[in-house]
Amino acid sequence: KAGVTQTPRYLIKTRGQQVTLSCSPISGHRSVSWYQQTPGQGLQFLFEYFSETQRNKGNFPGRFSGRQFSNSRSEMNVSTLELGDSALYLCASTPGPSYGYTFGSGTRLTVV
Amino acid sequence: AQSVTQLDSHVSVSEGTPVLLRCNYSSSYSPSLFWYVQHPNKGLQLLLKYTSAATLVKGINGFEAEFKKSETSFHLTKPSAHMSDAAEYFCVVSTYSGGGADGLTFGKGTHLIIQP
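Chains as they are written, first to last, in our numbering: chain A, 1 to 112; chain B, 1 to 116.
Looking at chain B on its own, in the form it has when it is part of the complex:
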């Protein structure tokens, strides 16, 4: 079984300040972890993925995330927020157990608000 907890339902930051979106996961097997972003009335866009290679993962638009197995965390960060970053962000886990896919398990989402 796998699960994802996004620790904040809403995060508000000022433009130009750092962003931190927190995610904890649980998984019975070695997971693949993803962050997706969804802008209003749009589909989901992959920001970055971790698949058991480097623990610090760089994604698009200046985002990065660090996989910490001991803390079962995969927090998303960005050094400087931009107005266009305002969106819903989803932390996602995927595992394979016994050769069958478990599909993707999504967190509840974090709504990122950027203050001018």
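Same shape as in the complex, but just chain A:
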């Protein structure tokens, strides 16, 4: 079966712009979560959605937001981009936390 699909794979944006990243989970997985990976901070939890509801949010500013659609696909949006937002953004899906999470290959965002 298809894995977690993230688009686009690479993105270059200018400071001050906004960006939208997309994640399609494995079919049947209703929980989708997002993570930011940087060399300095490592992997950090952004937020988790289940059945179109945000269940939890990590310690990120309000410029970071997300949503989930009825088909479980999820998007995250970052507004007013800063240089420090340059990172690999990973999406993961799961049918339930005890099953483990399947990660996509990520979107590498570069802010210039």
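Honestly, the hints are just simulated from the structure, not real lab data. All of these numbers come straight from a predicted model, not from anything done at the bench. Wrong hints could be hidden among the right ones.
Taking lysine-lysine and the DSBU-like style, the derived pairs with C-alpha atoms no more than 35 Å apart in a straight line are [said to hold, decoys possible]:
| no. | chain 1 | residue 1 | chain 2 | residue 2 |
| --- | --- | --- | --- | --- |
| 1 | A | Lys57 | B | Lys69 |
| 2 | B | Lys108 | B | Lys68 |
| 3 | A | Lys57 | B | Lys42 |
For this one, chain A is given, so just place chain B on it according to the hints.
For chain B alone, kept in the frame of chain A given last:
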């Protein structure tokens, strides 16, 4: 609240020798624990998971981990290292508190180097 400490940022072993990657966790609730591996420029792959069943967990590629509640540890081992094991390894904890998901909390990672 939950946290994960990976005790070694780098581990170097010779091919064919045992691997030990150490992880300690803290959690207010009964945790689920995972080990993930990330090869360069690749996504994260689940190696194994502990979810309150058997304390000795076997994963893919010959890896296994033992959950020790008294020591709050979940160390990853492999009897014989292979060159293809060279990668970054992450210990991860997940807990549910009051019905809400806390997401995954990652350790800082251990870079495993395999010497020929």
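Hint by hint, here is what the structure shows:
1. A:Lys57 <-> B:Lys69: holds (28 Å)
2. B:Lys108 <-> B:Lys68: holds (20 Å)
3. A:Lys57 <-> B:Lys42: holds (25 Å)
The structure fails none of the hints (numbered hints given earlier).
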